[in-house]
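Student: What follows is each chain in one-letter form.
2 protein chains.
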Amino acid sequence: MRTGQERQQITLEAVALHAHVSRQTISNALNAPHRLAPDTLARAKRSIDTLGYRPNQAARSLRTLSSQLIGFRIEPDRDGINGAVLDRFLHALCRAAKFEDYHLLLFTASDDASEIDGYDELLRGRAVDAFVLSSTHQGDERTRWLTERSLPFVTFGRPWGETDPQHAWVDVDGAAGTEAAVEHLIRRGHRRIAFIGWPPGSGVGDDRHTGWRRAVLANGLPQQGLAVRGEDGVESGRALAAKLLDLVQPPSGLVCASDSLALGALRAVADRGLVAGRDTAVVGFDDTPVAMAVAPGLTSIRQPVEDAASAIVRLLAERLSGVRVPPAGELIVPTLIERGSS
Amino acid sequence: MRTGQERQQITLEAVALHAHVSRQTISNALNAPHRLAPDTLARAKRSIDTLGYRPNQAARSLRTLSSQLIGFRIEPDRDGINGAVLDRFLHALCRAAKFEDYHLLLFTASDDASEIDGYDELLRGRAVDAFVLSSTHQGDERTRWLTERSLPFVTFGRPWGETDPQHAWVDVDGAAGTEAAVEHLIRRGHRRIAFIGWPPGSGVGDDRHTGWRRAVLANGLPQQGLAVRGEDGVESGRALAAKLLDLVQPPSGLVCASDSLALGALRAVADRGLVAGRDTAVVGFDDTPVAMAVAPGLTSIRQPVEDAASAIVRLLAERLSGVRVPPAGELIVPTLIERGSS
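Just so you know, the protein sequences line up as chains X and R, in that order. Sequence positions in the first sequence follow the numbering used here and run 8 to 349. Sequence positions in the second sequence follow the numbering used here and run 8 to 349.
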């Protein structure tokens, strides 16, 4: 690991003095360039280059106990289908961290409380500099615990239910995803477009429901009785889709909150002798390997986990630079991947 | 992290003296109990309990720079289907490491040479105690590099092509897997059973080919012209299976070296108006989420990655205990998961 000794005399302050700007401006030039006017950004960058300032190395020399490790808990794999998106995120996070000379320290925990025990243990051992958390949820004790201790962390997932978030986060805009799915189906001539999702109360699930509802209302389409919700999984998706397909006026398009549910929906379509993509359109969420594998190919909403990981590492680097930065959040818009099912 | 100071006076030697056995016997009692006679094991265990010996803590107190970290490189996800088995392994390794108070340190590398650079960097920063490597192959420079430096590591994957392995490894017996697939198809009445695999030269691929060949010959079944090999992937599997199905005497069973190839084979079967599971049986390898998802369900060989991870951590703990142990290897037998495709 590089020690940065050769450059440790160059501080953020020195660069700010050289450029005749504030320290915050230099920090912004490095971490949030969009916040600066073009000429200020150009001046800041010239001074950074002239002095050969390396933010990470300088920050490191200030923090002698820096381990260059980011702690991340991996969850036990769930049904094997939906877990794929978090595994993709893990790969992306590992790659993004490398650019900032960080490595990931992985640990497992069975629930939030034992995840907090894990943080505590790692911090007492000075084993990590910061944390990345995934799967945030309402009343998340983990983020409260870390915030109370002023520990640097960024969450992949919004601070659900918090009106005044105290930490940095990056999330994928699930509502924009299901909205895009509805609009895609409208372009394909569908008018009765249903939603198959998780029970109300989960942030991610409600967000995906909201996008469907917003798009359906905005386009003057029927929504009454067209949202069915139940637990995640293939069999659950099959049963929920069956209910919709057995309506007197069944929907011709099914927007699902996960690929598992969508896979079940495809089975329900086939059960009734209908052909997915011709008689009934199905759209999933997360673009897992299964979406590509099943016939006729499942249209699905893909989370740009690479962009999310880069944004997270950038926010983390900002927080580890020693400069005080306010809480910040970033919503990333997902992409619709079209396949045969729609 | 526990420091182990409270117990640092209790050494392996003290336990060996107390039990009137050798140090190696105590080490075996802890790490390889099956190597000991029942009464010796009982005596060793009594002394371990009486003295309250904790092998990890004791080893740790001898190694003041112990980081309790195991380095592991994750590969970029490949086609998204076959990468699933390595992600499953990663989860299992993380869980198994926890039992020995170890955490995983993840890093990425684009090839073997940059993976070695990664080891070097981590070791210079004293960031890790040991490594776990996956995807071993012929002429593996990584294992040579680590062996030359006497660094503790265990590979998930055999030392392919080495007659006198110098390190510890755990692998899944791929040949036993394809053999089980052939025998399963024989029980289902198949006589012409083909193999679809990767080009000759890869250890894993040749191993899976060997199992098919062994089972076919042992049962006096035809093998001439029934092994086709090409690159991995769905389209490749479809083309290779098409060749077999277009033979004058086509096979009725297809044993594939991966779920990707098997998925392609299922498509080739459908392309010809045949029904998988009724007209042609297809078996995949790795039991990825896709195997469960595709209709009619893909029979596949499942790697017991949890067992592999436990064995790896056990071998690693043995190597980190401070006791000299010879190279060792363990082959784990995979399981056939039956589904509709066969």
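Everything labelled a hint here was simulated from the structure, so no lab data went into it. Worth double-checking, as some hints may not be accurate.
[Claimed, not checked] Chain X is faced by these chain R residues, among others (derived, beta-carbon under 8 Å):
(1) A91
(2) V92
(3) H98
(4) C101
(5) F106
(6) L111
(7) D119
(8) S121
(9) I123
(10) S141
(11) A300
(12) V301
(13) P303
[Stated by the list, open to error] Away from chain X, derived, C-beta distances all over 10 Å, residues of chain R:
(14) V28
(15) I55
(16) T115
Computed from a predicted model, the values in this text were never measured in an experiment. Cβ coordinates follow ideal geometry from the N, Cα and C atoms, glycine included.
Student: Run every hint past the structure and note whether it holds.
Tutor: Status of the hints after comparison with the structure:
no. : hint : result
1   : A91  : 7 Å, holds
2   : V92  : 11 Å, violated
3   : H98  : 5 Å, holds
4   : C101 : 5 Å, holds
5   : F106 : 11 Å, violated
6   : L111 : 4 Å, holds
7   : D119 : 17 Å, violated
8   : S121 : 10 Å, violated
9   : I123 : 15 Å, violated
10  : S141 : 14 Å, violated
11  : A300 : 4 Å, holds
12  : V301 : 6 Å, holds
13  : P303 : 11 Å, violated
14  : V28  : 34 Å, holds
15  : I55  : 25 Å, holds
16  : T115 : 5 Å, violated
Comparing the model with each numbered hint stated earlier shows that hints 2, 5, 7, 8, 9, 10, 13, 16 do not hold.
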